[in-house]
Amino acid sequence: MILSTNNISSHFHSDQFLLWSLRFLALMAGSLLLLVVVFLVHEAWPAFQQIGLTSFFTDADWAPTEKLYLLTPMLWGTLWATLGAIMLAAPIGILSALFIQYCAPPFLARGYRRLIELLSGIPSVVFGLWGLVVLVPLIARWQPPGPSLLAGILILFLMILPTITLVVQASLAQIPVSFIHNATALGLSRWSMIRRVILPTAKAGIFTGIFLGVARALGETMAILMVCGNVVQTPSHLFDPIRTLTANIALEMAYALGNHRSTLFVSGLLLMGMVVVFVMMAEGLRHREIYAATK
Amino acid sequence: MTRFKLVAWLGAFFFIVTVFSQTLAMGTQGKLVITGSSTMAPLVSEIGKRFESLHPGTRIDVQTGGSSRGIADTVNGLADIGMVSRALKPQEHSLHGAAIAHDGITMILHQDNPVHELTDKQIKAIYTGDITNWKTVGGPDAPITVVNKAEGRSTLELFLQYFQLSNRAIRAHVIIGDNEQGIKTIAGNPHAIGYVSVGTAQYDATHEVPIRLLALQHIPATLETVQNGTFPLSRPLTLVSKTPPTGLAQTFIEFSRSSAVHDLIHKQYFVPLP
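Heads up: the sequence lines are chains A and B, in that order.
Going by this note's numbering, the residue at position 162 of the first sequence is 1446; the numbering climbs one at a time, nothing skipped.
Going by this note's numbering, the residue at position 218 of the second sequence is 264; the numbering climbs one at a time, nothing skipped.
Bound conformation, chain A alone:
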């Protein structure tokens, strides 16, 4: 039995049990997500009713005590920080993976991999603290005030680099050795082997790595809260302080009441929407790319 579709029904009790328990667990996982969305919408509803959807994009400023609820600067803050981090982390992560898999001598590859694994285990608040006491003062000496979009991008880069490197490296490790033998037999140089054979074959893994990195960057809160300055403004350059949607929720939720609180749930919903749009884009891109590669 290879496929457990409906037309191939099993007569074994244990199979039936497995099937139903798997269905149940899948239902649980799915409904959990649904519950979160329902809860978010429920909590955000008063804001939609009393403030209106357009206010979030057309109000003059974010000043909940004065009943102004503009969310776009935070939206841009989240987008720019994530985009910047991924632009840095994707190429470096892929190159690191290639280095571990194909270039480094075994002892160096093992050590480097351990280092990256260690980096992925550091809690975000530690990155934040390091950023606050080391990175931000450094930037402040160069381009005051210090806490800035740049600091956020660098911290996020450090946090998502290990994810991308490890996922890409795992997918490189799965490329059949025969591919590499064939490429070597054809007399390809190392660079053209990587470019023409390895990267196209590992495309799916590379996309997964980048996708996981973006998802983590979008959702990161604590470290970003500590290094970005949290000023509500659309950044015009790298040294401007920014506030992300996640930092906005974390900074103000404990003290928010009424419509202010509801609006924070709207920013949660907005964040969720961004992730959904991104997942859809990534899925579309991945399907097209993978099928184009195998044709």
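Each hint should be verified, as a subset may be incorrect.
Restricting the straight-line Cα-Cα distance to at most 30 Å, the calculated cross-link-like pairs of lysine-lysine (DSSO-like) are [what the hints assert, rightly or not]:
(1) B:K313 <-> B:K95
(2) B:K77 <-> B:K230
(3) B:K230 <-> B:K181
(4) B:K95 <-> B:K288
(5) B:K167 <-> A:K1351
(6) B:K170 <-> A:K1351
(7) B:K230 <-> B:K170
(8) B:K230 <-> B:K167
(9) B:K77 <-> B:K95
(10) B:K288 <-> A:K1351
(11) B:K288 <-> B:K170
(12) A:K1351 <-> B:K135
Some chain A residues well away from chain B (every beta-carbon gap over 12 Å; in silico) [what the hints assert, rightly or not]:
(13) L1319
(14) A1328
(15) L1382
(16) P1460
(17) R1480
(18) L1496
(19) V1516
(20) P1525
(21) L1535
Hint data in this document are derived by calculation from the structure and do not stem from the laboratory.
Every residue, glycine too, gets a C-beta built ideally from N, C-alpha and C.
Please arrange chain B on chain A, whose structure you already have, making use of the hints.
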């Protein structure tokens, strides 16, 4: 032998059950819910612990959420007592309040900043973006980094009220959540200015954190000036209730105002009642 063991176990079991149910019964009789200011919550929960140990069977449940929540919960009957770390607003005067301690807010600079005093007018101009360079107020030629607090914090409210500013008028470069984050930000930037609780700032300044507390209207920011009420930028920490407190709530508020908790107040870097 085994029978004896069984009886012993049963006896112990019933003893525990009886004690437990009695504690539970007493607990439901003597429970106080206190919500409000995050500045006050650590202090009040310490006081609550001492109160519980002195009055067995009572339970003091302390939750944070800001002064505004403390008032809202008390008015709605969700809490027996609210913690409010600012003076009551006119529309809140129907509540019954009793101060248990004072807290002061101080402006802080980096230790290496040669500026030793700023007038109220200068501070206001710095926060509204009219003064953007330290040399205007007698410092080095360097841009000022303005550190402000996030919306909803009572520290921000008190600051705005004292300097008669609206939060939208402030041109901040960094917005912080809690006091420690503010102190770390200023300790890492020689050209920053910010404000935090006097207690926290004084503790850090005397423990090798490179910050300096600024005097306000020539009055130094110390625990003493806050205590005797001469420091201008200070606030009472108040416990409020909807009706004049009776029974357990009254006992608790009286206990919190007594000298029996002064050591706890000192430990949190607040200033006890004279």
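Hints, verified against the model:
Between the alpha carbons of K313 of chain B and K95 of chain B the distance comes to roughly 15 Å, so the proposed pair stays at or under 30 Å and holds. With a CA separation close to 39 Å, the supplied pair K77 of chain B and K230 of chain B exceeds the 30 Å bound. For a cut-off of 30 Å, the pair hint linking K230 of chain B to K181 of chain B stands: about 24 Å separates their Cα positions. Distance restraint check for K95 of chain B and K288 of chain B: the Cα-Cα separation of roughly 23 Å lies within the 30 Å cut-off, and the hinted pair is therefore satisfied.
With a C-alpha separation of about 28 Å, the suggested pairing of K167 of chain B with K1351 of chain A holds against the 30 Å cut-off. For the hint linking K170 of chain B to K1351 of chain A, the alpha-carbon distance of about 24 Å falls within 30 Å, and the restraint holds. Distance hint between K230 of chain B and K170 of chain B is fulfilled; the C-alpha atoms sit about 23 Å from each other, no more than 30 Å. Proposed proximity of K230 of chain B and K167 of chain B is supported: the alpha carbons are some 26 Å apart, at most 30 Å.
For the hint linking K77 of chain B to K95 of chain B, the alpha-carbon distance of about 13 Å falls within 30 Å, and the restraint holds. Using a Cα cut-off of 30 Å, the hinted pair K288 of chain B and K1351 of chain A holds, with the two alpha carbons roughly 28 Å apart. Distance restraint check for K288 of chain B and K170 of chain B: the Cα-Cα separation of roughly 37 Å exceeds the 30 Å cut-off, and the hinted pair is therefore not satisfied. Between K1351 of chain A and K135 of chain B the alpha-carbon distance is near 19 Å, which keeps this suggested pair within the 30 Å criterion.
With a least CB separation of 24 Å from chain B, L1319 of chain A remains clear of the 12 Å interface cut-off, as annotated. Chain B leaves A1328 of chain A outside its interface by the beta-carbon criterion, the shortest separation being 18 Å against a cut-off of 12 Å. With a least beta-carbon separation of about 37 Å from chain B, L1382 of chain A lies farther than 12 Å from that chain, consistent with its non-interface assignment. No Cβ of chain B approaches the Cβ of P1460 of chain A within 12 Å, the least distance being about 52 Å, so the stated non-interface status holds.
The beta carbon of R1480 of chain A sits about 48 Å from the closest Cβ of chain B, which is more than 12 Å, so the claim that it is off the interface holds. The Cβ of L1496 of chain A sits about 28 Å from the closest Cβ of chain B, beyond the 12 Å cut-off, so the non-interface label holds. A Cβ of chain B approaches the Cβ of V1516 of chain A within 12 Å, the least distance being about 8 Å, so the stated non-interface status is violated. For P1525 of chain A, the condition that its CB be more than 12 Å from all CB atoms of chain B is violated, with the nearest at approximately 6 Å.
With a least CB separation of 4 Å from chain B, L1535 of chain A falls inside the 12 Å interface cut-off, contrary to its annotation.
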